[in-house]
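Undergrad: Work out the full structure: start from the sequences and follow the hints.
So in the numbering used here, spot 196 of the sequence shown is number 196, and the numbers just go up one at a time.
No lab work stands behind these hints: they were computed from the structure.
Computed from a predicted model, the values in this text were never measured in an experiment.
What you were told as hints is all true, and nothing was included just to trick you.
Pairs of lysine-lysine, PhoX-like flavour, derived with a Cα cap of 25 Å:
1. K104 / K22
2. K81 / K125
3. K81 / K167
4. K22 / K125
5. K22 / K190
6. K22 / K182
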Amino acid sequence: MVLVGLTGGVATGKSTVASMFKRCGAVIIDADALARSVVERGKPAWREIVKQFGRAVLNPDQTINRWTLGTIVFRDPAKRKQLEHIVHPRVAREQQRLIREACKRDPHAVVVYDVPLLFEAGIEKLVDYIVVVSSDRNTQIARLRTRDGLSRAEALRRIKSQLPLAKKRRLADFVLDGTMNKRRLFTQVKALFRHFQAAA
1 MVLVGLTGGV
11 ATGKSTVASM
21 FKRCGAVIID
31 ADALARSVVE
41 RGKPAWREIV
51 KQFGRAVLNP
61 DQTINRWTLG
71 TIVFRDPAKR
81 KQLEHIVHPR
91 VAREQQRLIR
101 EACKRDPHAV
111 VVYDVPLLFE
121 AGIEKLVDYI
131 VVVSSDRNTQ
141 IARLRTRDGL
151 SRAEALRRIK
161 SQLPLAKKRR
171 LADFVLDGTM
181 NKRRLFTQVK
191 ALFRHFQAAA
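TA: The structure is reproduced here in structure tokens:
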């Protein structure tokens, strides 16, 4: 089995690349989806978040309001660390379980772990290859404003909360341009997938 860490900056095109790898036949594990599942209403992480951040971060149905919580933690690095301390270990355990399942089903699987904070969480040591999806900052800002309805200042705050893209590119085994034409991007993803298959 080959484990690929797929990362990049916020709004650089990681999800698009992940869906292309899936079309090629890779098993995709989505860290954001895992993070959403571990904080579902009533779960231990949900209880810890409510205890640390108060009921103001809840929707009327008692689920976590991700926008409100995001606004709080992206303005305060100490609070962001607090949230990561609650969520990251639980996501890591769930990720390990899904990898074991994928390996049982197919010992030669190409597993792509789509994880925004690969380097920030120290996961880069656990993967066989690192693929960074990159983009220019103006594209990131425009996508965040369109996708998430953020102000320019809020978008910049989220971008700057992550390791600089230039550093991620230097640490990568492969870099993909998330702003390129989708047909060309898919051609590059297919070539990478064949490379990972050969290694598996």
